[in-house]
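Keeping their order, the protein sequence lines are chains A and B.
Under the working numbering, read the first sequence as residues 1 to 400, first letter to last.
Under the working numbering, read the second sequence as residues 1 to 400, first letter to last.
For the record, the hints were derived by calculation from the structure and aren't laboratory data.
Every residue gets a Cβ at the ideal spot worked out from N, C-alpha and C, and that includes glycine.
The reader is advised that the hints may include incorrect statements.
What the hints assert, rightly or not - Sample of chain B residues at the chain A side, in silico, Cβ under 8 angstroms:
(1) Ile144
(2) Pro359
(3) Pro386
(4) Ala390
Protein chains: 2
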Amino acid sequence: MNWEELARQLTQVNQAKIVLLVIDGLGGLPIGGQTELERARHPHLDELARIGSCGLTDPVFPGVTPGSGPAHLALFGYDPLKYQLGRGILEALGVGLDVGPKDLVARGNFATLKEGLIVDRRAGRISTEINQSICHKIQEKIKIINNVEITLVPGKEHRFVVRFRGEGLNDALSDADPQKEGNPPAPAKALKAEAEKTAAIVNTFIDQVTLLLKDEPKANTILLRGFSQQPAIPSMTELYQIKPLALANYPMYKGLAKLLGMEVENIGPSGEDLATSLRENYEAYDFFYLHFKKTDSAGEDGNFDLKVAAIEEIDAIIPRILALKPEVFCVTSDHSTPALLKAHSWHPNPLVMVASSLPGDNLPAFTERNCAHGSLGRLPATAVMPLLLASAGKLKKFGA
Amino acid sequence: MNWEELARQLTQVNQAKIVLLVIDGLGGLPIGGQTELERARHPHLDELARIGSCGLTDPVFPGVTPGSGPAHLALFGYDPLKYQLGRGILEALGVGLDVGPKDLVARGNFATLKEGLIVDRRAGRISTEINQSICHKIQEKIKIINNVEITLVPGKEHRFVVRFRGEGLNDALSDADPQKEGNPPAPAKALKAEAEKTAAIVNTFIDQVTLLLKDEPKANTILLRGFSQQPAIPSMTELYQIKPLALANYPMYKGLAKLLGMEVENIGPSGEDLATSLRENYEAYDFFYLHFKKTDSAGEDGNFDLKVAAIEEIDAIIPRILALKPEVFCVTSDHSTPALLKAHSWHPNPLVMVASSLPGDNLPAFTERNCAHGSLGRLPATAVMPLLLASAGKLKKFGA
Numbered sequence: 001m002n003w004e005e006l007a008r009q010l011t012q013v014n015q016a017k018i019v020l021l022v023i024d025g026l027g028g029l030p031i032g033g034q035t036e037l038e039r040a041r042h043p044h045l046d047e048l049a050r051i052g053s054c055g056l057t058d059p060v061f062p063g064v065t066p067g068s069g070p071a072h073l074a075l076f077g078y079d080p081l082k083y084q085l086g087r088g089i090l091e092a093l094g095v096g097l098d099v100g101p102k103d104l105v106a107r108g109n110f111a112t113l114k115e116g117l118i119v120d121r122r123a124g125r126i127s128t129e130i131n132q133s134i135c136h137k138i139q140e141k142i143k144i145i146n147n148v149e150i151t152l153v154p155g156k157e158h159r160f161v162v163r164f165r166g167e168g169l170n171d172a173l174s175d176a177d178p179q180k181e182g183n184p185p186a187p188a189k190a191l192k193a194e195a196e197k198t199a200a201i202v203n204t205f206i207d208q209v210t211l212l213l214k215d216e217p218k219a220n221t222i223l224l225r226g227f228s229q230q231p232a233i234p235s236m237t238e239l240y241q242i243k244p245l246a247l248a249n250y251p252m253y254k255g256l257a258k259l260l261g262m263e264v265e266n267i268g269p270s271g272e273d274l275a276t277s278l279r280e281n282y283e284a285y286d287f288f289y290l291h292f293k294k295t296d297s298a299g300e301d302g303n304f305d306l307k308v309a310a311i312e313e314i315d316a317i318i319p320r321i322l323a324l325k326p327e328v329f330c331v332t333s334d335h336s337t338p339a340l341l342k343a344h345s346w347h348p349n350p351l352v353m354v355a356s357s358l359p360g361d362n363l364p365a366f367t368e369r370n371c372a373h374g375s376l377g378r379l380p381a382t383a384v385m386p387l388l389l390a391s392a393g394k395l396k397k398f399g400a
Numbered sequence: 001m002n003w004e005e006l007a008r009q010l011t012q013v014n015q016a017k018i019v020l021l022v023i024d025g026l027g028g029l030p031i032g033g034q035t036e037l038e039r040a041r042h043p044h045l046d047e048l049a050r051i052g053s054c055g056l057t058d059p060v061f062p063g064v065t066p067g068s069g070p071a072h073l074a075l076f077g078y079d080p081l082k083y084q085l086g087r088g089i090l091e092a093l094g095v096g097l098d099v100g101p102k103d104l105v106a107r108g109n110f111a112t113l114k115e116g117l118i119v120d121r122r123a124g125r126i127s128t129e130i131n132q133s134i135c136h137k138i139q140e141k142i143k144i145i146n147n148v149e150i151t152l153v154p155g156k157e158h159r160f161v162v163r164f165r166g167e168g169l170n171d172a173l174s175d176a177d178p179q180k181e182g183n184p185p186a187p188a189k190a191l192k193a194e195a196e197k198t199a200a201i202v203n204t205f206i207d208q209v210t211l212l213l214k215d216e217p218k219a220n221t222i223l224l225r226g227f228s229q230q231p232a233i234p235s236m237t238e239l240y241q242i243k244p245l246a247l248a249n250y251p252m253y254k255g256l257a258k259l260l261g262m263e264v265e266n267i268g269p270s271g272e273d274l275a276t277s278l279r280e281n282y283e284a285y286d287f288f289y290l291h292f293k294k295t296d297s298a299g300e301d302g303n304f305d306l307k308v309a310a311i312e313e314i315d316a317i318i319p320r321i322l323a324l325k326p327e328v329f330c331v332t333s334d335h336s337t338p339a340l341l342k343a344h345s346w347h348p349n350p351l352v353m354v355a356s357s358l359p360g361d362n363l364p365a366f367t368e369r370n371c372a373h374g375s376l377g378r379l380p381a382t383a384v385m386p387l388l389l390a391s392a393g394k395l396k397k398f399g400a
């Protein structure tokens, strides 16, 4: 089904507002017989499961565990196999670096060069503080190469992200990384003729950095990997004729939202921050993506009780959202993060959607197992946007 | 969704073992209010439906009744529309004829030629015994044409399968069959230039057989249809990095398993034969396809009670499988064969999957109607392999 093509044909503007609350990593697995969602007290979510339509969604395909990138793309109606975001782009979004259509980004490692060989690909895992000071030093000395502006953002330990901004850059480049220690440095190679100019700039940058850092004891060169550019991806406004706002705390989700053309509001990490910001911005937009991260973080840490508490925290703000009377209100997740597995998983996302045009499922509680009995059934996550738009009256009839 | 491409990216090797028990034709329809599965006593399957995740799968698409070929391909994660097995291949597998990458196979009919016209396309449905003796006579006299080795295997009544084995054969051939009685014989025609040599060999074979059989009263010529070669199909090991073993009794399922690169163990037809062979081979493989045929045969015969008995027979061996403690155990079917219809049908397959990473559905019994309420929902059969691999920890995360 080519939803993208249908969306361009069928969407229409109206006054209805859609609120999509993404409780990151919400789905879980039983420990002691109950999942996190089954253990937590969440009377407001339970009320939604009574008055709304419920189901389960698969982000990519049953059995496939998604990263946050593909999981969110699917939720916003983009085919996650068609739009694959390069690793460099995701790292850049993760450190809060803005990535525009002319930019090229890459992940970087500081490394140790000795007698012409890379002897440590992680520069002895230098401290984050040393990393920051070295990035600052490079940034001071190397700002532009061949009209291409260069920006470094330090990450943890030996890691950083670099952005090249200028005309005619191309990401068809091999990694500038010998992969194994004991090998000489490997310059980036152009994989297509169009990328030769870019390869030259990237390699000049590496050479200049290596010269600049020649007296550093450990971090005396860099490796660059995962060269990538912003994918040619249509904006949500172009596809759906909506005016979307993202409310998020973590850089990666804000970056993803920007990539899809959403306006982004920086907020704090709590449920209350989401509710307050939603109320403040409610008049100016018609689509709201609310991202709540604490559930996923607790799941990744394997902290069942903390995830339960996070679910209870986000449940508490639901009356404040409902008080705004959005025409469509949906609560779901991008992917599951069971504390049992301490990682993202392939398990489907519980989902509830409330709108005057959707029947109430009268489920006794909002849980994974109850959502399996919901009237929406088990759906690909790419069905969520069509259902949200339809429930809001923003989709015209297809065919006569 | 291009699962094949994802599988190549995401699968990883580990020690976990997967047992997939295919109860052929398991799904049924009610007679006197109950389906075969509802009528049978199967306490072990019921226990699986309590501790495992249940659902229903569609082999090809809702409403589409599959043959055994596409139904099994889908179950093993192959798109059954992309990989269409020629009728000749399936007939050859069905009679236990080995089909290699250089082979061309076709279905044959004995027919009656009179005054230059095909007057009976089935040679008066000669007995299977006469068929066997004529096939033997042909095989004795005609072994090789133009360096191409010829092998005949008699089937029922007037039917046989022929295999041509040699270099440069091509299956782009029209049927050597006038289709209607009263027409003259129709030689095979090359549909592409590359198939001209093959057409000449096939037509020489038909001429030599017709000369040899000129004194037979009925079966004095042959018609050949469905010329086909082994499709270019990636092996399960190539796609999934598993070491698969098939335990099956019927030639067709063993042939299909070989086509997908599985090792094949010949076993008897009973449930006990499956359990014993699984235990004997358990250490050497990590994926086990167990095929149980009796349910399908009883369904095809319209014998409701015999199908009930077959379900009870296979239920009895489940404790022996569980005793091996496979990380993932799945019971399902390739397609439904309701005794009511005496044929394969389009009804979805009940499915249960047990693994430590799958929640228990607490269903009261393993039946078609209960599986409709399972947490896996209704899935395409091509989702079974991804779910098995994911549950066994054999799939990495997609994207970041």
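Hint check:
1. Ile144: 49 angstroms, violated
2. Pro359: With Cβ-Cβ at 6 angstroms, under 8 angstroms, it holds.
3. Pro386: 3 angstroms, holds
4. Ala390: OK, holds: Ala390 (chain B) within 8 angstroms of chain A, min 4 angstroms.
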